[in-house]
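Q: Taken in sequence, the protein lines are chains A and B.
Note that the working numbering has the first sequence beginning at 1, numbered continuously upward.
Note that the working numbering has the second sequence beginning at 1, numbered continuously upward.
There could be a bad hint or two in this list.
Which copy is meant is left open, because identical chains are indistinguishable; a pair holds if it fits in one copy or across any two.
Said to hold, decoys possible - Derived lysine to any residue pairs resembling SDA-like cross-links, with alpha carbons at most 25 angstroms apart:
(1) 309 with 48
(2) 285 with 229
(3) 309 with 144
(4) 286 with 194
Source of the hints: derived by calculation from the structure; they are not laboratory data.
Quick caveat, the model's predicted, so the values are computed rather than measured.
Residue strings, one per chain:
2 protein chains.
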Amino acid sequence: MPPDPRPYIEGVRSGDRRMLAKTITLIESRLLSHQDLTQSVIDGLLPFTGHAIRLGITGVPGVGKSTFIESLGLHLVEQGRRVAVLAVDPSSARSGGSIMGDKTRMEKLAVHEHAFIRPSPAGRTLGGVSRKTRESMLVCEAGGFDVIIVETVGVGQSEYAVASMVDFFLVLMLAGAGDELQGIKRGLLEMADAVAINKADGDNIDAAERAKKAYENAMHLMTPVHPCWTPPILTCSALAHKGIDDVWQMILRHREMLTSRGELNLKRQEQAISWMHQLLEEGLKKWFYEKAEVRERLKDVSRHIETGKTHPTAAVRQILDLLPQSDPKSNPKSLQPK
Amino acid sequence: MPPDPRPYIEGVRSGDRRMLAKTITLIESRLLSHQDLTQSVIDGLLPFTGHAIRLGITGVPGVGKSTFIESLGLHLVEQGRRVAVLAVDPSSARSGGSIMGDKTRMEKLAVHEHAFIRPSPAGRTLGGVSRKTRESMLVCEAGGFDVIIVETVGVGQSEYAVASMVDFFLVLMLAGAGDELQGIKRGLLEMADAVAINKADGDNIDAAERAKKAYENAMHLMTPVHPCWTPPILTCSALAHKGIDDVWQMILRHREMLTSRGELNLKRQEQAISWMHQLLEEGLKKWFYEKAEVRERLKDVSRHIETGKTHPTAAVRQILDLLPQSDPKSNPKSLQPK
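Turn these sequences into a full structure, and let the hints guide you.
A: What follows is the structure, given as structure tokens:
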């Protein structure tokens, strides 16, 4: 008997946080034996997804992401919303442990009954988007959370991944960062639906206002993501809880704009298509590497590479020869049945 | 007649810098019509590769990577070596242009007759390793360069990619960076063959020495990459050209250690295997998406996703059904010939 997906589906739907965490752990599992169950659980939860505000937040280390997310999260739970945070756990890539502990992140939000924080190990990505962030986001939605926040580290492929799964992509910046950052910032800015300049407090207020002007000018040099939305530049202080509601109201305005034009659905459809391609490529690789012929020839060519008898480029051609060609006669050694 | 690879191969081999640049551009091309030519050029150059010192250099923005690489590069060309740098061009991901211009990077090294600098657009990776960095490195080797330096930005998947194609991976650090960086740093440190604390000059010398001690302690907490090599922590000032030769001598010591134990070859064999897997997956995707049946069904399910008739997870299963299964009878709709 295959394992029963219902306890997971019902547990998540009933708002059971332990089952929510357990379901995400199941989805993140790399065990082959978990794949069918995972699939059934996701299929069972998908009809209950789609209603939440999906928010990506990024910024380079030191910009105050955790403090900002905690401040925004507390603001939202105080309004009665339910907030899930899929957060970067800046832990070791090789050993899985964190050198600093980092247990104090978002400690007020973490204990709130309407909040759920899931630290994803930064793992091999270093950027903080786990392989299964999209699925985890959907599980949280099915679990009744209204706002899902996905955090990334701000320099890396993760930003593209997150921007392609959220409704709103917020970039946190600091006033007066080094010039060398500019190029990277531009890449980020081009994806941004808004920029919030954090740490606009104390002696830093004037610098933050100047940075705001500079970013506003920079934004005019770029092609906007949306023709009707020039990404606003805001200042805030997560530490002093200042400007946080302004950021939130702007996110709601953006949503209103998208919804009234019927574009939220369009955006999500496009995202669903790109998700499909990602899943497709994973499935394709699995199919390929499970073939006995592929595994065998892979062993042979690996030995030939090690002994210097062949080069990787030639080896690859030998293995790809195993794939069935359009005209079967041209390739008798293919995977096709004899 | 297929285009002739010989002008490229001979041009690169003769040290013609224009042909070197042109060959890398060819390799980076995404045009299908360039693929066979690219393949022939690489096959033709591979026998002339393998002799160079392959050096990866990383560090977060602001650490002084360009200045360090210029300082090291000048030091090496003055010794009569030929140095190629595959450098990050921190340009826009969406538009391809750089907001800052950034024309002044490594300007002394760039004009030296024994140096070759190839800026790779950071492109969609944001981290600076282009899809074809490995191939570009091999082209430079075949062109007679003794030292190939590959630069990355220091937070992202690029570091794993680069560490998996070089002989020595150097991490640049600064004294006194924020605590939030620690987690990311650990991920980097675990891949490092050495750490150089840059900007150890002026008022910063004491702080750099303290950082050196701290990193030395941190290194003891980690599993070393190599049992016979505890990654040294050095201080240097690229701006003042101080400590640069120490870094270089250490790189030579590491190489001597690897070579005397026969491990340089082992390391490169492993890297060749991982390169093969990467090429294999690219080839597999190409094969799959070129199938007429796949393209057709992809069109259908995409429409169903857009109209909400199906979910991406179910759509993927429908498309993967097209792949030939081990038992053909179980899957009559497969790609197998009827």
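Q: Could you run down the list of hints and mark each one as holding or not?
A: We went through each hint and held it up to the structure:
no., hint, in the structure
1, 309 with 48, "between (55 angstroms within a copy, 15 angstroms between copies)"
2, 285 with 229, "neither (39 angstroms within a copy, 36 angstroms between copies)"
3, 309 with 144, "between (58 angstroms within a copy, 23 angstroms between copies)"
4, 286 with 194, "neither (39 angstroms within a copy, 36 angstroms between copies)"
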